[in-house]
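Chemist: Please build the complete structure, drawing on both the sequences and the hints.
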Amino acid sequence: MNVALRLAQDPQADKLLGRSPLAALVGMLLDQQVPMEWAFKGPESLAKVRAHKQGMKAAAKAAKAK
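When we follow UniProt numbering, the leftmost residue of the sequence shown carries the number 1, and every step to the right adds one.
Subject to a maximum C-alpha distance of 30 Å in a straight line, what follows is the list of computed DSBU-like cross-link-like pairs (lysine-lysine):
1) K48 to K66
2) K64 to K53
3) K15 to K53
4) K48 to K61
5) K15 to K48
6) K57 to K15
7) K53 to K66
8) K64 to K48
If you anchor each label on the Cβ, the simulated ranges turn out as follows:
9) Q9 to H52: 14 to 24 Å
10) V49 to L5: 15 to 25 Å
11) M28 to K64: 38 to 48 Å
12) A4 to A63: 40 to 50 Å
13) V3 to K48: 17 to 27 Å
14) K48 to P21: 12 to 22 Å
15) L22 to A60: 24 to 34 Å
16) V49 to R19: 14 to 24 Å
17) A65 to D10: 33 to 43 Å
18) K66 to R19: 36 to 46 Å
Just so you know, the hints here were simulated from the structure itself, not pulled from any lab data. Note that CB positions come from ideal geometry on N, CA and C, so glycine has one too.
Modeler: Right, here's the structure in full:
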C-alpha cells in the first residue's frame, strides 16, 4: 500500500504512514490520547528507536566476535 498521507507534518513519518497499515493504525490509536501531529509521528519515532537498538546489538555482536 503506497498512499500519500500528510498527517504528521513530517515527510519521513508521512511516508511510513502511507506504506504501512500498522503504522497508520498505531497513529490512529495514539491520536485518541495525544495531539494528532505527535500521534502520527509516533510510529516513525518507534521505528527509529528500534533501528538504533538493532544497530547497537549488531555492533555488540561484532565486537564479541573479534
